[in-house]
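**Student:** Next come the chains, spelled out residue by residue.
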Amino acid sequence: MLPGTISYWRKQLTAGSISPAELVEEVARNIESRNPEINAYISWDKEAALVAAAQADLSAPLGGIPIAVKDNICMQGEPTRCASRMLGNFISPYDATAVTRLKQAGAIPFGRTNMDEFAMGSAGENSAFGITRNPANPAHVPGGSSSGSAAAVAADMAIAALGSDTGGSIRQPASHCGIVGIKPTYGRISRYGLVAFASSLDQIGPLTRNVEDAATLLNVLCGHDAKDSTSAPGLPAEDFTAGLGQSIAGCKIGLPKEYLSSGNAPEVSAALERAVATLTSLGAEIREISLPHAEAVVAAYYIIACAEASSNLSRFDGIRYGFRAEAPNGLEDLYNRSRAQGFGSEVKRRIILGTYVLSSGFYDAYYAKAQKVRSLVASDFTAAFNEVDFILGPVAPTAAPKLNDTDLTPLQVYLSDIYTIPANLAGLPAISIPCPQGQGQLPIGIQLQAPHYAETALLRVASALESALQ
Amino acid sequence: MEPAQIDVAYIAKLAKLELTEEETKSFSQDLNQVLAYVAQLEKWDTGQVEPMYHPLPTFDALRADTPGCSLSNEAALSNAPQQEDGQFRVPKVVESAH
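Taken in sequence, the protein lines are chains D and G.
For the first sequence, counting from 1, position 185 maps to 185 in the numbering used here; every step adds exactly one.
For the numbering used here, count along the second sequence from 1 and bump the result up by 1000.
Quick caveat, the hints were computed from the structure, so don't treat them as lab data.
All values derive from a computational prediction rather than experimental measurement.
Where is the CB? At the ideal position from N, CA and C, for every residue including glycine.
Do not take every clue at face value.
DSS-like, lysine-lysine: derived pairs with alpha carbons at most 30 Å apart [to be verified]:
no. : chain 1 : residue 1 : chain 2 : residue 2
1   : G       : Lys1013   : D       : Lys372
2   : G       : Lys1043   : D       : Lys257
3   : D       : Lys46     : D       : Lys257
4   : D       : Lys227    : D       : Lys402
5   : G       : Lys1013   : D       : Lys402
6   : D       : Lys11     : D       : Lys46
7   : D       : Lys372    : G       : Lys1092
8   : D       : Lys103    : D       : Lys46
9   : D       : Lys227    : D       : Lys103
10  : G       : Lys1025   : G       : Lys1013
11  : D       : Lys11     : D       : Lys103
To spell it out: a stretch of chain G is covered by chain D in this simulated footprint if at least three of its residues, at any positions, have a beta carbon under 8 Å from a beta carbon of chain D; those stretches are [unchecked claim]:
no. : region
12  : 1008 to 1016
13  : 1023 to 1034
14  : 1039 to 1053
15  : 1069 to 1076
16  : 1079 to 1088
Derived DEER-like restraints, expressed as beta-carbon distance ranges [as the list claims (entries may be wrong)]:
no. : chain 1 : residue 1 : chain 2 : residue 2 : range
17  : G       : Ser1026   : D       : Ala270    : 36 to 42 Å
18  : D       : Arg320    : G       : Gly1068   : 18 to 24 Å
19  : G       : Thr1066   : D       : Ser7      : 37 to 43 Å
20  : G       : Ser1026   : D       : Glu22     : 49 to 55 Å
21  : D       : Ser281    : G       : Ala1061   : 42 to 48 Å
Sequences are here, hints too, so could you generate the full structure?
**Tutor:** Rendered as C-alpha cells:
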C-alpha cells in the first residue's frame, strides 16, 4: 500500500521499517497495476531508480523518497519527450536544476509523467502518448497540463511529483484530482532544464498529498541558479514549513467579487462558501475586494503565452535533436515537414497564433497591448495586497469535465483558465488545496494567492484551511 | 480595432510549419474566434501604461563570464537525427561552385 506522505515514508525509512529499494518496488508495483488504466506515466526506469536507492543517503532531507517528474523537466539519461512525437526519441543529456536539487536532497527522481504536449492544454488530452484519466472517476479528465503528475499522486502511483505551471498547469490538475499543487513566485525555482513553453510565465512546482509535503519540497527546490538568468538572486534562505500549524487569527483574506461569477458551477461556489466559513471560524477576516481587470486575463494570457511559445518552439527544427522528416528536399522542406509531422494540433494552433501576434503590422495591436494589460492586471494585485494578506478564489469554474468533450471550441477551453492565469501574469505564488467532497463526487480545489515571495505565509494559511476542512 | 481575419497559410510559412488544407481551414476558424475574443483588450485604456514583459523587475541577470564545463561533443550530438564526423548532418544548403 502506497498512500502516505513524504513525511510518513521518511519516518518509515529512517526507522528501518522499509528500505529505499523496497519503497521503489512498491511505487513500481502500483504503477504497473494502475498505469494501464490511468496512463499517468509515459515511462519509468525502475532499474535506474533501484541503483539510486542502493546509494540513498537517509540522513538527507528527502533521503530515499521517489519523486515523479513531469515529462518536460530534463532527467539525465531518461526520455524527456514533453509528450510529443517531436521528442519521441529524445534522451536528456543533462539534469534540470530542479532534478539536481532533488538528487542532492537524497530523493530518487522516478518516472516521467504524462502531460499535454509541450504543456499546452488543460485536460491531459493533448498527449502523443495517450490521454490520462482522472483516478477519482476515469470517465473524466485529470486536468492539465501536469495531468500525469496529478493523476499519479492521486492514484497512489507516486508519493509526490514535480509539475510545471504556465497558466494553471499545476493548480488546475491538482484541483481536479483532489491533491495539493503550488506554483511558487516566478524566479523561486530554476527553470534550467524545463523545456520552455512561455518563459515569462513558466514555473516548476510540486504536486503533493498535503501542504506539509509541498513545503518540504519547496525547501529543496527553491534557490538561486546562475544557469537561469531569471532565477531570483539574493533571497534569504527560508524554511517553508516554519508557519505550518500556526494560528491564522487576524489574517486578512480578500475575496474578489469578480471571482463570484455566475459561470461557476454550483459545487464550486459551495466549496468557496465552505472555505470562507472555515477561514472565518479560524479567526481570519474575509473582505470583499475587486480585481477590476480580472476579465481581461484570458485574452492577455493567450497572446503572451502563444507569442513566447512560437519563439521558444522554433528550436524544434529537425536539426540538432528531435524529429526529422524523411527524405527532405532541402533545408526549408526539412524544417517545414519535420515540424508538421512532429507537433500535434494544439501546439500548431498556438504556434500559428503566436507567430501571427508577433508578425509585422500586428505586434503593437496584440502583443504590446497584451503586455500593457498585463501591467494593469499586476497592479490590481499590488493594490489588493495593500488591503489584504491573501486572495481566496476558485481554481477552475467547474470540476473535471468528461473525457472527449468535443463540443468545446479551443476558446471555450481557454476560458476555463480564468482563475489560474492571473498568478502567472503577475508572477505570484498560488496554491490549490482540496475541499473534500462527498462520496462519489469529483474533487474541487480552493485557490489561495499571496504577494511575491510570501510562500511561507501562504503555506501557513493553506495548511490551516486544509486541516480545518478535513 | 476590427477583429482581423488571420491568413493562416501565410503565417504557417513564417512559422516554417507545413499545414494540411484541413488544418489551415480549422485553424482559421478557431483562431478567428480567438482573435474576435481578444479584441476586447481594446476597451482597456493603456495610454499611460508601460508594457510588462516580465513578472519581476530583475531578470536577464548576467553571470560571470568564466569558462566552465559544458556538454561534451558526444553528449551534444547524442540526440542528433543525423551526424557525421562529430557534426550535425543537414541537407545541402549551398549550390556547388561551378
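**Student:** Could you tell me whether the CB distance from Arg320 of chain D to Gly1068 of chain G stays inside 18 to 24 Å?
**Tutor:** Holds - the Cβ-Cβ distance for Arg320 of chain D and Gly1068 of chain G, about 21 Å, lies within 18 to 24 Å.
**Student:** In terms of beta carbon proximity below 8 Å, does the region 1039 to 1053 of chain G have 3 or more residues touching chain D?
**Tutor:** It holds: at least three residues are needed, and the region 1039 to 1053 of chain G offers 10 whose Cβ sits within less than 8 Å of chain D.
**Student:** For the pair Thr1066 of chain G and Ser7 of chain D, does the Cβ-Cβ distance stay inside 37 to 43 Å?
**Tutor:** holds (40 Å)
**Student:** Are 3 or more residues of the region 1023 to 1034 of chain G near chain D, judged by a Cβ distance of less than 8 Å?
**Tutor:** holds (count 6)
**Student:** Quick one: are Ser1026 of chain G and Ala270 of chain D within 36 to 42 Å, going by C-beta?
**Tutor:** Roughly 38 Å apart at Cβ, these two residues keep to the hinted range, so it holds.
**Student:** Given a hinted range of 49 to 55 Å, is it respected by the beta-carbon distance of Ser1026 of chain G and Glu22 of chain D?
**Tutor:** This hint holds: roughly 51 Å between Cβ atoms.
**Student:** Given that the region 1008 to 1016 of chain G was listed as covered by chain D, double-check it with a C-beta distance under 8 Å for 3 or more residues.
**Tutor:** With 6 residues in contact (Cβ-Cβ under 8 Å with chain D), the coverage given for the region 1008 to 1016 of chain G holds.
**Student:** Assess, step by step, whether the Cα of Lys11 of chain D is no farther than 30 Å from the Cα of Lys46 of chain D, and give holds or violated.
**Tutor:** Status holds; Cα separation ~23 Å.
**Student:** Are three or more residues of the region 1079 to 1088 of chain G within 8 Å, CB to CB, of chain D?
**Tutor:** Since three or more residues must qualify, the claim that chain D covers the region 1079 to 1088 of chain G holds, with 5 doing so at under 8 Å.
**Student:** Does the alpha-carbon distance linking Lys227 of chain D and Lys402 of chain D stay inside the 30 Å limit?
**Tutor:** violated (41 Å)
**Student:** Is it true that the CA of Lys103 of chain D sits at most 30 Å from the CA of Lys46 of chain D?
**Tutor:** holds (16 Å)
**Student:** With a cut-off of 30 Å on the C-alpha distance, tell me whether Lys227 of chain D and Lys103 of chain D pass.
**Tutor:** holds (17 Å)
Violated hints for the displayed structure, listed by number in ascending order: 3, 4, 5, 7.
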